[in-house]
Every structure is written in structure tokens, then in C-alpha cells.
Amino acid sequence: MGFAIQFVIDVLSLGGAYALMALGLVIIYGILRLVNFAYGELIMVAGYTMYLTSGSGLPWIMMAVFAVVMAVAFGIFTDYAAFRPVRAKSVTAVLITSFAFSNLLQNAALLFISPRPRNVPLPEIFSQTVSIGGAITPVRNLITIAASIVLLAAVAFLMRKTTLGIAMRAAATNFTMARMLGVPANLIISSAFALSGFLAGVVGILWIGRIGTVVPGIGLEPLLVAFIATVIGGMRSLSGAVFGGFLLALIDTTLNYTLSQDLLKFRDAFTFGLVILILLWRPEGLIRGPASGQRT
Amino acid sequence: MKHSYLTAIILLGVILVIGIGSQMLGIRLYDRIATNLMISLVLVVGLQTFMGNSGLLSFAHIGFMGLGAYTSAVLTIPAQMKSMALPDLYGFMKVVEISPLFAMIAAGLVAALVAAVVAYPLMRLSDAAAVITSFALLVVLYTIMNNWSAFTNGPRTLFGLPKTTDMPIAAVLAAVVVVVALAFKESRTGTLLRASREDEVAAAALGTNIPHLRWRAFILAAFIAGIGGALWGHFITSFAPKAFYLKETFLIITMLVIGGANTVTGAVAGTILVTVAYEGLRGTEGALNATSFGAGQVIGLTEIVLALAMIAVMILKPGGIFPNREIGHILIRARRKKEIVAQ
Numbered sequence: 001m002g003f004a005i006q007f008v009i010d011v012l013s014l015g016g017a018y019a020l021m022a023l024g025l026v027i028i029y030g031i032l033r034l035v036n037f038a039y040g041e042l043i044m045v046a047g048y049t050m051y052l053t054s055g056s057g058l059p060w061i062m063m064a065v066f067a068v069v070m071a072v073a074f075g076i077f078t079d080y081a082a083f084r085p086v087r088a089k090s091v092t093a094v095l096i097t098s099f100a101f102s103n104l105l106q107n108a109a110l111l112f113i114s115p116r117p118r119n120v121p122l123p124e125i126f127s128q129t130v131s132i133g134g135a136i137t138p139v140r141n142l143i144t145i146a147a148s149i150v151l152l153a154a155v156a157f158l159m160r161k162t163t164l165g166i167a168m169r170a171a172a173t174n175f176t177m178a179r180m181l182g183v184p185a186n187l188i189i190s191s192a193f194a195l196s197g198f199l200a201g202v203v204g205i206l207w208i209g210r211i212g213t214v215v216p217g218i219g220l221e222p223l224l225v226a227f228i229a230t231v232i233g234g235m236r237s238l239s240g241a242v243f244g245g246f247l248l249a250l251i252d253t254t255l256n257y258t259l260s261q262d263l264l265k266f267r268d269a270f271t272f273g274l275v276i277l278i279l280l281w282r283p284e285g286l287i288r289g290p291a292s293g294q295r296t
Numbered sequence: 001m002k003h004s005y006l007t008a009i010i011l012l013g014v015i016l017v018i019g020i021g022s023q024m025l026g027i028r029l030y031d032r033i034a035t036n037l038m039i040s041l042v043l044v045v046g047l048q049t050f051m052g053n054s055g056l057l058s059f060a061h062i063g064f065m066g067l068g069a070y071t072s073a074v075l076t077i078p079a080q081m082k083s084m085a086l087p088d089l090y091g092f093m094k095v096v097e098i099s100p101l102f103a104m105i106a107a108g109l110v111a112a113l114v115a116a117v118v119a120y121p122l123m124r125l126s127d128a129a130a131v132i133t134s135f136a137l138l139v140v141l142y143t144i145m146n147n148w149s150a151f152t153n154g155p156r157t158l159f160g161l162p163k164t165t166d167m168p169i170a171a172v173l174a175a176v177v178v179v180v181a182l183a184f185k186e187s188r189t190g191t192l193l194r195a196s197r198e199d200e201v202a203a204a205a206l207g208t209n210i211p212h213l214r215w216r217a218f219i220l221a222a223f224i225a226g227i228g229g230a231l232w233g234h235f236i237t238s239f240a241p242k243a244f245y246l247k248e249t250f251l252i253i254t255m256l257v258i259g260g261a262n263t264v265t266g267a268v269a270g271t272i273l274v275t276v277a278y279e280g281l282r283g284t285e286g287a288l289n290a291t292s293f294g295a296g297q298v299i300g301l302t303e304i305v306l307a308l309a310m311i312a313v314m315i316l317k318p319g320g321i322f323p324n325r326e327i328g329h330i331l332i333r334a335r336r337k338k339e340i341v342a343q
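Protein sequences, first through last, are from chains A and B. Counting from 1, one number per residue, gives the positions in the first sequence under full-length UniProt numbering. Counting from 1, one number per residue, gives the positions in the second sequence under full-length UniProt numbering.
Since the hints were derived computationally from the structure, they do not count as laboratory data. What you are looking at is a predicted structure, and each value in this text was computed from that prediction instead of being measured. Incorrect hints may have been included.
[Unchecked claim] Cut-off 25 Å, straight-line C-alpha distance, at most; resulting in silico cross-link-like pairs (PhoX-like, lysine-lysine):
{"id": "1", "chain 1": "A", "residue 1": "89", "chain 2": "B", "residue 2": "317"}
{"id": "2", "chain 1": "B", "residue 1": "2", "chain 2": "B", "residue 2": "94"}
{"id": "3", "chain 1": "B", "residue 1": "317", "chain 2": "B", "residue 2": "247"}
{"id": "4", "chain 1": "B", "residue 1": "2", "chain 2": "B", "residue 2": "337"}
{"id": "5", "chain 1": "A", "residue 1": "265", "chain 2": "B", "residue 2": "242"}
{"id": "6", "chain 1": "B", "residue 1": "242", "chain 2": "B", "residue 2": "82"}
{"id": "7", "chain 1": "A", "residue 1": "265", "chain 2": "B", "residue 2": "247"}
{"id": "8", "chain 1": "B", "residue 1": "337", "chain 2": "B", "residue 2": "317"}
[Stated by the list, open to error] Pair ranges (Cβ atoms, derived):
{"id": "9", "chain 1": "B", "residue 1": "315", "chain 2": "A", "residue 2": "59", "range": "26 to 32 Å"}
{"id": "10", "chain 1": "A", "residue 1": "217", "chain 2": "B", "residue 2": "94", "range": "34 to 40 Å"}
{"id": "11", "chain 1": "B", "residue 1": "81", "chain 2": "A", "residue 2": "254", "range": "39 to 45 Å"}
[Claimed, not checked] Which residues of chain A face chain B? A partial, calculated answer using Cβ under 8 Å:
{"id": "12", "residue": "87"}
{"id": "13", "residue": "90"}
{"id": "14", "residue": "108"}
{"id": "15", "residue": "122"}
{"id": "16", "residue": "123"}
{"id": "17", "residue": "126"}
{"id": "18", "residue": "228"}
{"id": "19", "residue": "275"}
Note that the Cβ used here is the ideal one computed from N, Cα and C, for glycine as well.
For reference, chain A alone in the conformation it holds in the complex (with noise of 0.2 Å):
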């Protein structure tokens, strides 16, 4: 029994990290059909931001709000870079305006920050164990539930009940035809980007949590994984991003308590023969979208 709840909670709480990754890089996807390689930066600026003010004396949550405003910050700000003066202009220089900023933004933390690990300040709660039906467990696993629960919730009523999210749903199905009728282009590819930098920055800072230090090529691991679980789940549905970041929690944490020390480290390597298998059954994800639009 123990194990069980053991089990649940470990793919849950991972799933829910998961599940906020993919879907702020989809959000992006979605509407712009932009590829943000520059996604997992925006972690990488959430735990600077921490580490950078850790010395401030600030309580922990202002810290932790100061980091997801800077991610929104630099959410927007890609749009600003790397994304609005080549929008007009085929996927691929898109693709890899994104690149080079993600890049740009990396060797920047190297030159002026440090290569070298460092510590973000963490309050007490992160570092405690409960026990539940037998299963002992971290708390920041029970919060990272709670927080992808809310924010799922929250994001769910934002695209489904307010005028922006119609709108910005409106545009990832056809942007043409949304602009037309009067949706205005860039506020809501900003929007979207301030979106997608927010959720960034929540998960970056329940990600550090994990670890407790950040390093310049911290956002690598939580780019690929959203990567996955968005081409599983289906590039333009957000459901199918969130069951995507589930399924892929899923597969990570029973290849974790199935594979041997010596396979373990393959593991990415399994998991990504996974996806290739589930690509042959249905190239298009297992969630299929709106039908795609033309974006310019």
C-alpha cells in the first residue's frame, strides 16, 4: 500500500511539473507555431533571479514572486528579440532566431554570472518529509501537486471563460481569420509569451526546488522533457500537452523503480524509444488539435 501511494504521488507531482512545462512551450506552439527553444532559459532567469536576490534579507516569497515576474519579463522579452522582427518570415528562421537566443541568453549567464553551480535559497518546507498511509514523501512533492493543480485550473478557466483566452484560442486555430475580426495580433502573442514565461517561472522555481541549485544549462533537462510530452500529448491542444507531461511522468517514474542501476542511465534513451514507437502509431500525437492555421 505503501508503495502505492509512494508511486501515485512520485508520477502526480513530477507529472504536474511535466504538465506546466509542456504547456507553456505549447501555448507558444500553439498560436505561433513557434518551437521556443528559448523556453528553458526562462527557468534558468527564474533561479538567478533567486539566487541573485537571496542576499536582499526579502522574505522567501517575495523572492519566489520577483523570479516568476522576471521570467514574464523575459518571456515577453523573446517575443521582443528573437521572435516579432522574423515572424513574417519562414518557421525555420524562426526556429532558430529562438535557438541562437536561447543560446545568447546561456552564454550570457556564463560570462557575467558564473559556470559553476549556485545556490538558490530555499525555505525550510522544501527540505521536510511527511508521511502519508506509510509512504514517506518530501513536502515539495505534496506542494508541486498543489501547485500544477491550481494552475492547470487556472489556466483552464483563462482560455475557456475569458475574452483573452477565447481570443488567444481563437488565434491558434486561425490567426488570419481572428485578426480579421478584430483580435489585435501582438497583444495577444505577448500575452501568450507573458503566459508561457509565467508558467516557466513557477516550474522553474518547484524545479530548483528539486535540486537546489542552478547552473546556465539548468532549463536543457525541462526543455526536452516538455519537448516530449508536447510531440506525445499532440503539438496544438493544450489538453494534449497536459496529458502528454502525465504519460511521460508516467513512463520516467516506473522506468525509475523497474530499470537496474546500470540501465537507469539510459533512461532518456528508453523513454525516447518510447516516443519514436508512439509517433509510428500516430504521428500526429495522441491528441489531435484544432486543424492548423497559417500564422503570419
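Chain A is already provided as a structure; the job is to place chain B on it using the hints.
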């Protein structure tokens, strides 16, 4: 067809001039830079055969270069050194020692074989999904190289490769690859693939089997990458898996994109331009590090400048320096125009 021959002659001429020029100067540093340039040419032009013709961005190229480098290493490290360089190598492999030339071909074949198996399902994907999976493929290849200690010595440095690559060999291979890339571009597969790049739906409607064409191009690119990896391995003689990861990927993509991914001329021009810029910046970085007193190391400056350059090129000239036409084509057109004006 005529302009392809002219392009080939001009590009080979450029390689020849750089090769001979670097030898005539007789400075070791220039020799090293020229050799590096030739190896980069092999890799970038190899990437162009896939990316330029299919229009899909591939991040996995450097992973196949790594496969080639390790294949060649395992096959050529002298038997008496193997127990030291690769202590966990499987018994039957310990006695294998073949000449670097055959090892290089084997390296290309291994990379092509892996590409053929892995890429078959992936080539059905388009746009973003294709890019993402190629990125994931790079990570997987890296994970494998980093952890399969028996073959790669794990994350530690593998040493003991015989140094057989020098400037002339690298230059000859670069020239061969340029010719292969041009020939592939004009071949039936290449032409159909370029049609699918311009309009996927129209090409499919004409009956082209797009995934299959992409698959062929991907295998060719992987084969060239494997050869390039072996070439590089025998030049540098000791390396670790982290040599085949994001930093190098960024570099070769920068080279290809700045030059223009759609043309072989662009690939060559971009490689030369970025190599010169890169070496210059590296020198500046080194000089800064030598003068700064305990202010910490300057690292990442080169990459920052390259990233800015790449973004600038994308904004100003999204197709790169040579976006559509090969150099031979441009020259012939220019001459024809002049003749018309003269009449």
C-alpha cells in the same frame, strides 16, 4: 547543369586556395585552423545535404559525428593501448585494429546504419515535430555516448587515436563532400526533395514519397557526419562525449544558416566566414583572459557574438548570404544579363 559544374569548380578552387595558402604561410596555427575549417566543411556541407534539400532543421547531425568518431576510435586504437584507453571493452573487440582509412568508412557506415534505423519513423513528421524529435535524438545519442563505458570510456576523455588526419587529407575529403552534395542536389532524389521543401502538398500530389526521400537524404547526411567525426577524431586524437553536444551543434547550425542552408555555396561560405570570426573571437577571449587580473574567466563571449550575428542574419537576410542560387548560377546569370545589355 552547366552552372553546377561551374559552382563545383569555384568551390573546389576556394578549398584549394585555402589549403595551399595555409601551407605556404607555414605557420602551425594557420595549419591547425585550416584543418579545422576543412573538417567543419565536411560536417556543414553534410548537414546541408539534408537540411538544404528537405527544408527540415536537424539537430542530430553532431550526434552522428560522435558515432563516427567513436566507431573509428574503437577500430583504430592500437591493441596494446586499448586495455588502458578502453578498459571495459568487450573481449573480441580488443584485438581489432584496422587502418584508419577503412575505419573511417566503417564510421560513416555505422552512422548511416543507425540513422537509417532511427530516422525511418521520424521522417514522417514535419515542421516542429520533426525538429523536436531530432533535438531529442541528439540528446539520446549523447546519453548513450556518455554512458556506454565499454565503447566510449564514459564521460571521461578517450585517448590514443592515431593522428592520421592532416590538412591535405581533410581538404580532399571536404572537396569530395562538396561534389557529392552538389551531385545529390541535382539528382532525382534531391530535385524531388527540394520540390517537397517548397510545397509539401503539391509535391505529394505529384506522387513523391516524401518520407522516403527525406530518409535517403538523412542517411547520406549521417554518413558524411560519421566520416567527418572519424576525420576529426584522428585530428584531435583525444576527446570526450561532450565534444558532440549543443555547443558544436550551435556552431555548425550557425555556419550553415549564416551562409544559407539552401545552397552548397552558402554552406561553404558560412563555414569559412564563421570559422574566421570564431578564431578571431577566441583569440580576443584568450587575450582578455590573459590580461584580466583575477576578474574571473571570460567565457561565452564568442557564443554571444555568434548568436547575435545569427539573429541579425535571420532578421536582415533570412535565407543567409546565398539564399537560393549557387555561385555558378549567379555568375552565369550576371554574364547573360551583361550580354543582353551589350546588345
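### Message
Checking each numbered hint in turn, tell me which of them this model violates, lowest number first.
### Response
Checked against the structure, the hints that fail are numbers 2, 9, 12, 15, 16, 17, while the rest are satisfied.
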